[in-house]
Every structure is written in C-alpha cells, then in structure tokens.
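**Q** Below are the chains, spelled out letter by letter.
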Amino acid sequence: MTYKWYLYTALFFLFSALSFGVLASYVYISPEFLKQGLGFTALRPIHVSSVLLWILLGATGSVYAAMESLSEKKATTSLLSLQWLLWMVAAAGILYSYLNKSFGGREYWEFNPVWALPIGAAWVIFVMNFVRLVKSITTWPVYVWMWLTGIVFFLFIFSENYLWLFPFFKGNLLRDMTIQWKVNGSMVGAWNQMIYGSAFFLMDRIAGTKSTGRSKVAFFMYFLGLFNLMFNWGHHIYTLPTEKYVRHLGYAVSMTEWIIFIKILYDWKKAVDVAHQQAHHFSYRFLLAADVWVFLNLFQALLMSIPAVNRLTHGTHVTVAHAMGTTIGINSMILISACFEFLGYREKMNRPWKKLLTFSFWLLQGSLFLFWLSLNSAGIQKGLWQLSPEQGSYSGMMEGLQLWFRLLVLSGIGLLMAFSVLIVFLLKKNPVQAGGTD
Amino acid sequence: MYIFLALCVSFLLYSFSIYLHKPGIRTPEHFDETKAGRGQMVWQKYNCQACHQLFGLGGYLGPDLTNVLSHPQKGEVVVRSIISSGTKQMPAFSLSEEEMSDLLEFLRLSDACGISDPRTYTMHANGTLELPKRN
Numbered sequence: 001m002t003y004k005w006y007l008y009t010a011l012f013f014l015f016s017a018l019s020f021g022v023l024a025s026y027v028y029i030s031p032e033f034l035k036q037g038l039g040f041t042a043l044r045p046i047h048v049s050s051v052l053l054w055i056l057l058g059a060t061g062s063v064y065a066a067m068e069s070l071s072e073k074k075a076t077t078s079l080l081s082l083q084w085l086l087w088m089v090a091a092a093g094i095l096y097s098y099l100n101k102s103f104g105g106r107e108y109w110e111f112n113p114v115w116a117l118p119i120g121a122a123w124v125i126f127v128m129n130f131v132r133l134v135k136s137i138t139t140w141p142v143y144v145w146m147w148l149t150g151i152v153f154f155l156f157i158f159s160e161n162y163l164w165l166f167p168f169f170k171g172n173l174l175r176d177m178t179i180q181w182k183v184n185g186s187m188v189g190a191w192n193q194m195i196y197g198s199a200f201f202l203m204d205r206i207a208g209t210k211s212t213g214r215s216k217v218a219f220f221m222y223f224l225g226l227f228n229l230m231f232n233w234g235h236h237i238y239t240l241p242t243e244k245y246v247r248h249l250g251y252a253v254s255m256t257e258w259i260i261f262i263k264i265l266y267d268w269k270k271a272v273d274v275a276h277q278q279a280h281h282f283s284y285r286f287l288l289a290a291d292v293w294v295f296l297n298l299f300q301a302l303l304m305s306i307p308a309v310n311r312l313t314h315g316t317h318v319t320v321a322h323a324m325g326t327t328i329g330i331n332s333m334i335l336i337s338a339c340f341e342f343l344g345y346r347e348k349m350n351r352p353w354k355k356l357l358t359f360s361f362w363l364l365q366g367s368l369f370l371f372w373l374s375l376n377s378a379g380i381q382k383g384l385w386q387l388s389p390e391q392g393s394y395s396g397m398m399e400g401l402q403l404w405f406r407l408l409v410l411s412g413i414g415l416l417m418a419f420s421v422l423i424v425f426l427l428k429k430n431p432v433q434a435g436g437t438d
Numbered sequence: 001m002y003i004f005l006a007l008c009v010s011f012l013l014y015s016f017s018i019y020l021h022k023p024g025i026r027t028p029e030h031f032d033e034t035k036a037g038r039g040q041m042v043w044q045k046y047n048c049q050a051c052h053q054l055f056g057l058g059g060y061l062g063p064d065l066t067n068v069l070s071h072p073q074k075g076e077v078v079v080r081s082i083i084s085s086g087t088k089q090m091p092a093f094s095l096s097e098e099e100m101s102d103l104l105e106f107l108r109l110s111d112a113c114g115i116s117d118p119r120t121y122t123m124h125a126n127g128t129l130e131l132p133k134r135n
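Each protein sequence line maps, in turn, to chains S and Z. Just so you know, we're using the working numbering here: the first sequence kicks off at 1 and counts up by one. Just so you know, we're using the working numbering here: the second sequence kicks off at 1 and counts up by one.
None of these hints come from the bench; they were simulated from the model. A portion of the hints provided could be inaccurate.
16 Å max Cα-Cα, derived EDC-like pairs, lysine to aspartate or glutamate [what the hints assert, rightly or not]:
#1 K170/S x E76/Z
#2 K244/S x E130/Z
#3 K135/S x D204/S
#4 K244/S x E257/S
Partial selection, computed: residues in chain Z whose CB lies under 10 Å from chain S [to be verified]:
#5 P23
#6 L69
#7 S70
#8 P72
#9 R80
#10 S101
Derived DEER-like restraints, expressed as beta-carbon distance ranges [stated by the list, open to error]:
#11 S388/S x Y2/Z: 50 to 60 Å
#12 F295/S x V77/Z: 15 to 25 Å
#13 E29/Z x K101/S: 13 to 23 Å
It should be emphasised that the depicted structure is a prediction, and the values quoted were computed from it without experimental measurement. Using N, Cα and C, we set each Cβ at its ideal position, and we do this for glycine too.
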C-alpha cells in the first residue's frame with residue numbers, strides 16, 4: 001500500500017462525481033427524470049459526497065506523496081492501509097445510505113451520521129502519520145505549515161459538524177444554522193490549505209527551486225489564508241437573522257482577500273514567463289489553469305462577500321457557480337496536476353496520448369467556462385426575480401432559466417468527457433505494478 | 001509560531017462565543033419546541049434541503065420554505081397537499097400524520113425566526129444589510 005492508492009481511488013470518485021453531477025443537472029431540464037427512482041434527493045448527495053471523497057482522498061494522497069520526498073521517514077504502511085480501508089468503509093456506507101434513502105444528515109453530509117465515524121477515525125490516523133513524518137523535517141517550508149493547518153483544522157471542524165447531535169446545540173435554530181455554516185465555510189478553508197500547500201510544493205518541484213515555499217510573502221499569504229479560514233465564514237449567512245457582529249466580522253475579514261487578488265495581478269507577468277518554459281509539463285499546465293480560475297473565482301467571491309451584492313446572489317445559482325468554479329477550477333486542477341506529478345508522468349509520453357491530453361485539457365477549460373457562465377447567468381436572472389416587486393411564480397421563473405440549464409447540462413457532459421480521458425490515462429497508463437505495490 | 005498560536009486562541013474563543021450565545025427567537029403561541037426539534041429531523045430524514053432552502057441556504061430546485069406557512073397564497077393546507085401529492089418535479093412523500101405535524105411545527109419555527117425575502121432588506125452606504133425584524 002502506498003499513497004498511490006489514495007490517488008487511484010480519488011480518481012474513481014472524480015468519475016462518480018461527474019457522472020452523478022450530469023444526471024442531477026438533467027433533472028433541471030427534465031423534471032420527471034428518475035423521479036420515481038433515485039430522484040434528485042439522492043442524485044445530488046451522491047454527486048456531492050463523491051466530490052468530497054475526490055477532494056479529501058486526493059489531498060491526502062498528495063500530502064503523503066510530498067511528505068515522502070521531504071521527510072527522512074516513510075509513512076507507516078499498516079496505518080496507511082488502515083486509513084484507506086476506513087475511507088472505503090465510509091464510502092460504501094455512504095452509498096448504501098443514499099441508495100436506501102436513509103439520509104438524516106445535514107446538507108453536503110446527508111448520509112446517516114454513523115458513517116462519519118470511520119471518516120473521523122481515518123483522519124485521526126492521518127494526523128498520527130503526518131506528525132510522525134513531519135518530526136524529521138527541521139525547517140518547515142510554508143507548504144508543511146499549510147498541510148499541518150489543513151489536517152488539524154479539518155479534524156476540529158469535522159467534529160464541529162456533528163455538534164447538532166447534542167440537544168444543547170440543536171435547541172436554537174438560529175444558533176444551529178450559524179454553526180452549520182461556520183462549519184461549511186471553514187471546512188473548505190481547511191482542505192484548501194492542504195491543496196494549495198500541494199500546489200506550492202509542486203511549483204517548487206517542477207521549477208527545481210526552493211524559493212516558493214520559503215519566502216516571506218508566502219508566509220504572509222499563508223497567515224492571511226488562515227485568518228480567512230477562521231473568521232470569514234460569516235459571509236455565508238448575511239441573510240440569517242443571527243447576531244450582527246457575526247455578519248459584520250465575516251464581511252470585514254472577507255475584504256482582506258483583495259490583497260490576494262492584487263498579488264495575483266502583480267505576479268501575472270512572472271507566471272506567464274514561467275509558463276512558456278514549463279508548458280510541456282501537463283502537471284504545470286493544470287497548475288497554471290488553477291491560477292486563472294483562482295483569479296476568476298476570487299473576484300466573484302469578493303463581490304459576493306459585499307452584503308449589498310450578496311442580496312442579489314444569495315440563494316441563487318451564482319453561489320453554485322462559485323462552488324463549482326472553486327472545486328473544479330481550482331481544487332480539481334491542482335489535484336489532477338498532483339496526479340500527473342506523483343503518478344510519474346513528467347517523462348515524455350507518446351504522441352497520440354499527448355494530442356488527446358492536450359485536446360482534453362482545452363475541452364475541460366472551455367466546458368468549465370461555459371458551465372460557470374450558465375450558472376452565473378441563471379443565478380443573476382433568479383436574483384433579479386427575487387428582487388422584483390411583482391414576483392411571478394417560482395415554477396414560471398425556473399421555466400425562464402431553461403436556456404441556461406440546457407447549456408449547463410451540455411457543458412457538464414463536456415466536463416465529463418474531458419475528465420474521463422485524463423482519468424483513463426492516469427489509471428490505465430500507470431498500473432499499480434509500476435510502483436504502487438507494497 | 002506566535003502568530004499561529006494567537007490566531008488559534010482567537011479562533012477558539014470566537015467559536016465558543018458562537019456555541020454559548022443563544023439568539024432570541026419570538027416563538028409563536030402554543031409553540032411546541034420538542035415537536036419542532038422532531039420536525040427538523042423529519043426535514044433531514046427526507047433530505048428536504050436537497051431542493052429547498054431556509055434563509056436562502058440549501059438546494060435550488062424548489063423554492064425557499066422559510067416563510068411558506070405565513071405566505072398569503074400558501075400556508076399549511078397547501079404545504080400538506082404538496083407533500084402528499086407531489087408536483088411535476090417533486091415526488092409524493094408518504095409522511096405519517098405525526099411526521100407531517102412535526103415538520104409543520106419546524107416550519108412554524110423557521111417562520112418565527114425571520115423574513116427570508118431580499119426585497120425587505122435595507123442596504124446601508126457601507127454595503128451592510130439590515131434585516132427586518134419579525135413582529
């Protein structure tokens with residue numbers, strides 16, 4: 001058992017996420033699709049849980065792979081196997097839970113809460129293994145701090161995610177919803193720390209430098225990211241009548257992300273110069289694509305974090321556009337880059353594969369742009385409906401969004417096709433025997 | 001290291017302040033808190049959040065249900081009928097009478113918490129929003 005198993009299974013869940021995502025989006029244009037079978041109430045959580053499994057297993061595999069090259073020690077194989085096995089038990093349980101429509105959980109974690117136990121146990125093992133590996137590193141570059149932060153905070157926030165099981169926390173709906181969205185906001189920040197940390201590591205590794213992870217600016221950006229992970233979640237609940245200070249703090253902290261936005265603009269020319277030198281590396285191409293998506297999504301997030309703008313976008317597909325833009329455009333691009341690097345594909349590949357992968361890369365970027373555009377357009381149209389004095393019926397408004405939903409399904413199929421080529425290449429061309437056995 | 005520790009301590013203090021603070025809710029007359037708590041579990045059991053929202057938070061296939069019970073054209077009778085018979089998109093759900101009554105109590109609670117209608121929010125010059133108070 002090696003970290004490669006985490007990346008292989010993560011890729012499998014990516015395929016599941018895309019397939020169920022396409023099926024769920026089809027309900028928007030054909031409302032009776034699978035209505036009497038799985039239905040949207042099961043399709044959506046299968047899609048979302050597959051995405052979470054892709055991100056969390058992919059991030060775990062990437063951190064292990066990077067730590068193996070940084071640390072003098074190796075991860076304990078028995079713990080590595082047990083952690084993976086616990087994830088598989090959880091994944092099987094979650095799927096069983098959804099297929100039997102045994103929900104009982106909260107949004108994004110709709111499965112029966114019992115299946116959170118193997119996830120929690122797997123994460124405790126991850127902490128143990130990580131601490132063992134990190135002890136042998138004397139001077140920590142920024143990405144080691146980011147991994148540590150992401151891993152520890154995820155465990156804390158994941159536990160917080162189940163506070164609702166205790167009557168004290170469930171007893172007040174506004175407090176309960178505040179904690180729920182505190183969790184949802186901070187958890188994304190936690191896995192972003194792990195994934196962005198891997199991106200910094202990959203940048204250094206591809207360029208053959210050690211500067212990215214050790215500069216003062218990198219540490220400043222890390223602390224800014226951590227500050228936002230901890231305190232900016234209030235921007236999710238501007239419309240929830242909880243205490244004002246929660247919403248105002250979320251607003252104020254969110255605005256500090258303009259610094260990151262300006263930094264991206266400032267670094268743009270440098271990134272383009274490096275891109276010319278490293279463009280032949282697929283790993284680098286996906287990192288660069290993630291940079292473009294960070295730019296677009298951060299700009300959108302900053303606008304949405306202004307309460308007056310949020311009044312238009314809250315409760316609409318603009319929020320979905322942002323969620324999809326970040327999970328596909330940023331998280332998935334970085335994780336695919338990590339898969340190329342850690343599954344051993346920096347060497348030259350044969351010409352037909354190279355052409356096919358280049359085509360898939362551009363199909364992916366084009367489809368994602370249309371996907372993001374269709375969700376934003378549907379969201380803005382719905383937002384205007386929400387604000388109009390003469391509000392028509394909900395079903396009438398949804399009928400008016402059909403053009404955008406058709407584009408959504410079409411671009412979703414494009415995403416499925418593009419990612420499928422990448423998944424097949426990464427799984428088929430790199431059999432387990434090539435270095436993944438014990 | 002010191003910056004890291006200072007941030008962690010601040011985060012923990014902020015988290016506990018959120019846990020311990022109980023926002024005020026003007027519950028309606030004859031409101032049954034235990035029943036509403038069970039109703040929240042019904043909401044989760046049938047995964048209503050996959051399609052519906054409370055305060056704009058949830059899925060977007062169906063409408064926001066925060067104030068569905070006090071809506072002039074909706075209310076309890078309409079909600080009961082939609083749940084039992086379904087719509088074009090929504091399948092019919094066979095809830096027991098107890099589950100239905102618990103769910104309705106939960107929706108009465110969400111209605112009492114506030115108004116989820118962006119048209120009623122007041123914007124300030126600094127970009128913040130003022131939410132209307134429930135009578």
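**Q** Which numbered conditions among the earlier hints are violated in the structure presented, ordered from lowest to highest?
**A** Hints 1, 3, 4, 6, 7, 8, 9, 10, 12, 13 not satisfied by this model.
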